[in-house]
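Read top to bottom, the protein sequences are chains D and W.
As numbered in our numbering, residues 1 to 1075 make up the first sequence, in order.
As numbered in our numbering, residues 1076 to 2000 make up the second sequence, in order.
Hints were generated in silico from the structure; no laboratory data involved.
Treat the hints with caution; some may be incorrect.
Claimed, not checked - Chain W regions said to be covered by chain D (calculated; three or more residues, Cβ under 8 Å):
| # | segment |
| --- | --- |
| 1 | 1097 to 1103 |
| 2 | 1289 to 1302 |
| 3 | 1624 to 1636 |
Glycine included, each C-beta is placed from N, C-alpha and C at the ideal position.
Listed below are the residues making up each chain.
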Amino acid sequence: MHEEKSQLNALTIVSAGAGTGKTHYIQQELAKWVKEKLAAPDRIVAVTFTETAAAELKSRIREALVRAGMLEEALLLDNAYISTIHSFGLRLIGEFAFDAGLSPSSRLLNDDEVRLLLGTALAISDRANELIENLEHDGYTGSFDNKLTVEEQFRQRVLGLAGKLRSVGKSASPDSFAKYAEVRIRAIYGETLGDRETWRQALYTSVNALMDAFPSNLARSRDVEYGVTIRKELWDNYRDLTRARSDEGEALKTDWKLWERLRKLKSKSTKKNPLPEGYIEAVQAVIAAAERLPANPGPLEDAVSHAVNLLGATFDVLNTFSEEKRRRGLVDYTDMVSEAQRMLTDTECTVLSALLERLDCLVVDEFQDTNPLQFSLLWSLTREKLPTVVVGDLKQAIMGFQNADSRLFGRLGADNPRDTLTQDTNYRSSARLMEWINLIGNGLFGAGYTELAPKAKYDSRVEHPLEVIESATKLSAKAWAAQTVRRISELLHASPAVEVYDKQLKVHRALRGGDIAVICYKNKRLEEYAAELRKAGIRCRLEEDGWLETRIVQIAWHCLSCVADRGDTHAAAYLSATELGHRSLQPALAAAIGKRPFDGFPFEKLDEVAAGNPDRTVGDLLDEIIEQLDLFGEVSSWTDAGAARANLMRLQHECREFMSSNRDAIASGGYHGSGVKTFQAWLKGKVERDRDGNLQPEPSVGDDDAVQLMTWHRSKGREWPVVAVCGMDQKDYPRLPAETIEYPGFEEIALDGILEDARIGIYPTFAANETPRTFQDALWPELRETMDRLLYVAMTRAREKVILEWPSYMQDSTQTTYWSRFVSRSGASLTPEGMAFNGVVYPCLTVHLAGAEADATEHNVMMHPLSVIGRRAIEKGKLPDVLTPESITPSSLHNVACTVPGGQREECYGSELVLDFLGITDPMEKGKIIHRAFEVLTGHNERKTMLADAVCYSLAPEQVDALSAAVSSFDAWLQSKFIPRQIETELPLLVLDKNGTIVSGFADMVMETADGIWVIDHKSDYVPSEALRAERFNTYYPQLKCYVDALKAACPDKQVRGIILNWVSYGIASVMDIV
Amino acid sequence: MIHFLLTPDSASALHVRRLVALSGGRMNVVVGTWPELLMHATNSYILPPPADDWTGRLAEAIGDFDDAFWSRSYKTVNTAEREAITSIVGGHLSMLLESLGPNGSMQQLQSLELKSRLQRHVSDFAKLHEKMGAILPPALRQVREFLNAGPERVMRTITVYRIEGWPRLNLWQHALVDHLNTISSASAHAVSLDLAAILESAPFKPSGRQNSSLRFMQEKLFQLPDKRVLDGSSLQWLSVRDCLQEAEVAAGMVQTALRNGSASSSADFGLLLPSDPGYGHVIRSVFDRAGIPLSGLVIENSIRDLGREAVLNLLDCLDKPAPVLALASLFVSPLMPWSSDAGNRLAQRVVESRFDLKAPAGSGDSGQRMLDLIIESVKSPSALAERISAFVKLLDKREVVSMHRERAATLCEELRADIQASAFIDWVALKSKAAPQQLSAAPYTVQALEGVAVFNEGREPWRQVKHLIVLGCFSGHYPATEKTSGIFTDDDLQDLGEKSGISFEISSERNSRQREIFMRQLGAASEEASFFVPCRNALGKPLEPSSSITFAAVLFDGVEKAEDLLLNLESTSHLEKVRGVPRAEAEVAEPLRLSTEDPEFAANLLDIGAGADGTRGSETPSRLETLLVSPLAWMLDRLRLKPQEWTPETFDAKAKGILAHEVFEHLFAPGEPLTDERRIEEQVTMLLETAINKSYPFLNRDEWKVEVGYLRQEILKSARRWGAMLRTIGATVAAAEIELEGTLDGRPINGKADLLLELEGGRLVVVDYKKSSSGTRKKRMEAGCDLQAELYRTMIKTGGVRAGKGVAEETVSFVNRFRNAGEIGTLYYLMNNQVALSNTSGWFGDIGSLEEIDTDVSAKAMADVAASLRDLESGLLRLNSKSDAEEFYKKKGLSTYALELPLVKVFMKPSEQGEEGEATEVADA
Ligand code: SF4
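Use the sequences and the hints to build the structure in full.
Right, dumping it as structure tokens:
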């Protein structure tokens, strides 16, 4: 397809290790192509994995083009497809919606909708309903820690599996997936012996024998006074035995956990806790029978059937789910890719060719993070010879938990060695630090590692590029944090100052908090470091949890509650007891006890807010509350001023989000209505459901002195002069149950058909102690690989210095930790000279900790410096009382205070005009028709026939006659009385008044006579008496006076003679002369 | 005869109006935008009213196609999405017709040689237009009518003045302008040259001082300059955290300039706001507080569509099971015939799953009728139609809600028509019709000669200013960029344009217009310009800087990257280089502390909430358990100070517990056989159903099937085991759900026992069911911290069956027998793992799942409760400490929900192990 245009390589694979300037490479490359006209900017597809990366890439390319003088091209970039892969997919769905039979206005569905649609889908799947009967037996136990019930756990499992299935496009048949899963489970489980019924009988018989011989509960024995633990154990044994025996051993048919417990019955007698004679033998018989569990085919069969049914149910659910989404025009993140992929691969669909016509090249960053489906989407373009560059690094493939599959990148490289380019220079880290990085790279990846040549454009002045904090005794997380923070604090306060290179200013300067990052495996652990840093008086940046519970949000929240429900005494008590009120519980409770109303500040202000219009949105209510109580002013002097204002802003924004969200989507979560309380319920739900939903927004962005805290995962792609790699004692192991994407015979399959060949491996849990381990063993290789990569990512973030925690007390532990993995893989060890890697020693500074020096951090009182810019720097002011308007219209001037000179007289020119227009009740509307009649007919009675058209109302003939008669008599009166030279209707006026205000408007009628000009205005008011008319005249006077002044200004050479008010309903005119 | 000066938007119209007015007062001159021109033309012509209905015909025609490019999508989606498709397709058809001009036709396009996809789209549009009877969309139809009107219909002529490209006109607009001018040139009036000249001078041109960098940027932005400027003394780019800070710093800059005399009036400043809707609010609130007047700010204020919302909620309520929040929302609607307070109380009841509702006192007959019509279900369409009419009639009559009441009435009329036309109730369709709409209140506007001039992105500047402050320079703004269409790409349109000779507007043209506007906005500044770059949006998500900064960066010598232009105001080193930004004193905040001293009162706190007759409020086991955990929580409960929050239906532990209890209550009742397995199975299913209908009707919906199914399994299993256990121990059910009362240290207590069992040998067992597992309960009992069962025992010992509750006489006397004699045992049945824990000693034989704990399981709890009661009596309220939650749970096995209450949480003492004093700081919420 693309042969003719490409002088570009069909495929280039760039393998770019940490710090090799990937983004720079892409930016340069793309700019070059644009320059050489090999690619037009709006015909580039470049995808990355985060919004930020995409935005950065776009602006870098723009920068390069602008620098190169290609402004037109730079401007075109806005239409380029430079985005995340999801946005790319979404854009395709948008642009080709009709071609693919989708809704062109697809919207991202929210969690509530997922729950609703999924719940409905599950309800109609028979296979799902069968599974529900046996959840507990199938190993669903719920999770107390995550507050997860068994049912939710099941839902999540289905969802997770659905995610896996969708990430491989579920293009093969359900049966082939089931078959694969089964074969895989059987293969790993290994040989079984005998049949389940025989084994059950045997166990049942032995239990019976035991219970017959020892029917009573030993724990309650009066003969022996067992120790507490033993007694508990015997209790449990007895309970299990009873259960095993009940219903003729029914439980033993499926309750494998019970089997496992029977394997562990207490069978040893001690002096202190002797078991009765004969008991031991009988118990051992039971144990021996239960020991068949690992070889028993029962658990295997159950696991297989569960896996197969689970897959089946998931397929059912997926089908219903996607149909319903389509009907409602909803997409989720996976759809963005899968629908796009579907339309590009669907042979019936012409999208592929249409799209290729619009594109010149494809660039994929972080390719190692693509999942099979994403791969297939991109590959469908590459396969059609769209010049493609993929950039990635196998060593940094750590997104497997999102179904990313780095094997694809590996395979692409292996298949196309000649198109592969390996970047081997590093621009990030100092030359000395690079030495160490190369050592660990070699250690972690062996032959798979390419040494990087240091090319950073500065010489580091940091004394020790590597520091190790070593402990030979076990330390708690808190103690580790204290130690590492102490070191950081020392570095920050060292004298002479530690100097680092400032990339932006291009100078060496003293180290600041902002140059340092502390990175951990887990977010939770970072909180320990944050606490220690604060104790040491060092500011830090960490996305903290607990947004909704922060005080300012709670205060604003309770204010809203008060406004929505003045009977909410709880909210009132809260406000009265906290910062806006008494800051003490006693007075608030005393008021409540005495049934006294809560009054004074802030309640009177809140009452004011509550008294406003009932149709205000929750956002407007909150804004009013914030303004009335000056909440932003209030928090600006709090110790956590920055965080408080950021948190309050988020609340404001959540209100707007609530109002602008799709109502159906909100209602599907059960949130009906749009009032304050519904909003609060919705927000609570949102915060709880979303994993990151309760994170506090970062309070500041440019704080030079704040240490950055981040997870290893999130640190990918970032860099700092100094990085502390913490929490190396983190354990890891394969979790069960698990599902993984697998490709049987990966080496043989073609990349084209990768999706057809992908399968899901299911790894269940088992009751028998040893069986899960077999399944874990199957998962270990992948996990180990991921661990290596994660270590590599974490350790390559620093430009000049790494501080590494070294829990050497774990040396003899059998558990796998990141530290043990690092040590065993890289062969690193600490020697007095430094860190040794199989003979090569890299010098480092080592701090050996002796004993639990937990409280190492000096308590520098935490200072809370207040921001010097922003709210605190503005003075409170008062708006001027009177302001001069920019412009006015005369008709807006009714009733403005003004002295009326008086002297008007009334003249009757015709008869009363009584008209009723059917369906028009508003007197204003009626007035308009009459006005229009005067405008149209004055001087042109022949237009009578078109009057209905002119007023846009089907007038009855007699109405036309009446109107025409009225106009005629007024006309006649004018003619006879004033002998006009000219009459203009609807005359525009535009002048400046003496204050500089623009006056613009229209006079109903302006009449020029020999001696000057008259201003005429028609009024259709109901003013039956002269007195009323006189009064109303005064009301209108300012407006008329305005016309007069305007006319004077506009026609300086003419005289304004007077004003005529035409009371059209009465055939009466009020005339006022102006002298 | 009117001279009409055409301007691109209302802002520029204001500017031109001022220019004209300054040149002396005028008659016959109008300055305005295209819609205003149309309005004047309409007033000056007499035209028959419009006949055809574009929208209606479009909606009809679009569904008539089977193979048009939209058909597949159209057939797949639901009604709401169909409307979206209709509007997209209709919009594109309008665009084509507009571009074709008054002389073009769709056939013209159809005959072209085009790429197949394009060809198909074009020809489908042509067919659609044909099917619609080739009518024109309203805007074009109107122009057509002017062009066709005969001279007798012209009342007044209009001469239109305009500048080419400012605004850009399409062929129709051109035609109308030409037409109007042709007609007016026939009349005697000549074109006014000075008006033409004024208009010509109106668009803003670079006005910065010669050789200043501001001037350079005004002239050269978005270009490649041949030379570069060195300094930026008249320009600065300031990056701050967010939009609020932008506004605050901007206000500070104005104040500073006024204070140090570098500006003489606020009017010297201009503020350019991005098209992000939130900025108006932020600016208004900050500038008002700073006392700086603004001019030209318009804020659109959306309001709630209360009327339609109430109707929609009503429909939701009538489509049973009624979602609780729909009920609650309706109850608090300002349209209800009762007070907001009464509405809130009703709402709270349903949120707590209490559906026995009474009309609020004082709401009279209409209140009762309204309540009934919301609650009772409807069966037939006709009943529904009636219900809706009745609803409208009962809505509140106050003036403040009149607009909403009328909207509700209108909607109901439409709904009634639909309902009556249908044989069944199509809830989905009705609800979708009732969806609330976007409503706006009258916009907030300020304008004042003294005010800071507010310009808006995408709109013309309207006043010359000295210092321009540009807010919101983040990606997507300055210039704003347009999305491309999926039906016609720019390439398509260009192709179509080349082949047909008609010009279709493509997105790059629109984008370049946006840039030109931005340039004119910049041009309006004569001395300085500051650009604010927010780094985060209000949710804290990062924002990228505006692309204009990249273009600005090339204008400067020594600036390599756009980033280098930015000065971050939060960075101390950057702050040094900033001009005109005021700074506050560098202070350190003093932590505000809340007092966590134990409050003392000069009263007996046990008297709180006591009955009017002076008798003390009776305590219940669960309330005393709260007291055990937190006296404050107990007190809040007594004072009825609990969060009045709403939650949608959730199937939480509480709901499960209530349902399971309810099933057990009836399943294991006096006189029922315990033996029959099958009976248990049948009964559980039936009883669960009844219980669900009573308390949690929402569980009948499909999406809860998994949960209900699982719960049924759970209950069934625990019921079987419980039945078996009862059989084994040979117990007889003496009473279920029975109310007991007695005294504790002389204070009245009462409560409902789940079950009373009679054992052979004259023993009584008080049973409490728990929908949980045995672990923590056992821990609690072993720690002596268990309270509930002991309290029931106490009640029997000190009182007995609660009087007057219709309990059978034998039961009463059976229980009363134990007051002075006989042994009372207590027992928990833990449903989740089917284990029973009893506080008895050697009452039962060996039963695997029944464990006897024969120590005093409540000694500590009873002592603690007694102590707490004494404290309260003396007026002392002991607050919790931060370590309580963990300690209570871990050491005593107590549940600590009470500690989650907001007020309890806030007023916790720092824990004893010397956690930092910080713990009570405001900061540390
Ligand atoms: S970012 Fe949000 S809060 Fe800020 S102006 Fe925009 S809408 Fe408002």
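Here is how each hint holds up against the structure:
no.	hint	result
1	1097 to 1103	holds (count 6)
2	1289 to 1302	holds (count 3)
3	1624 to 1636	holds (count 5)
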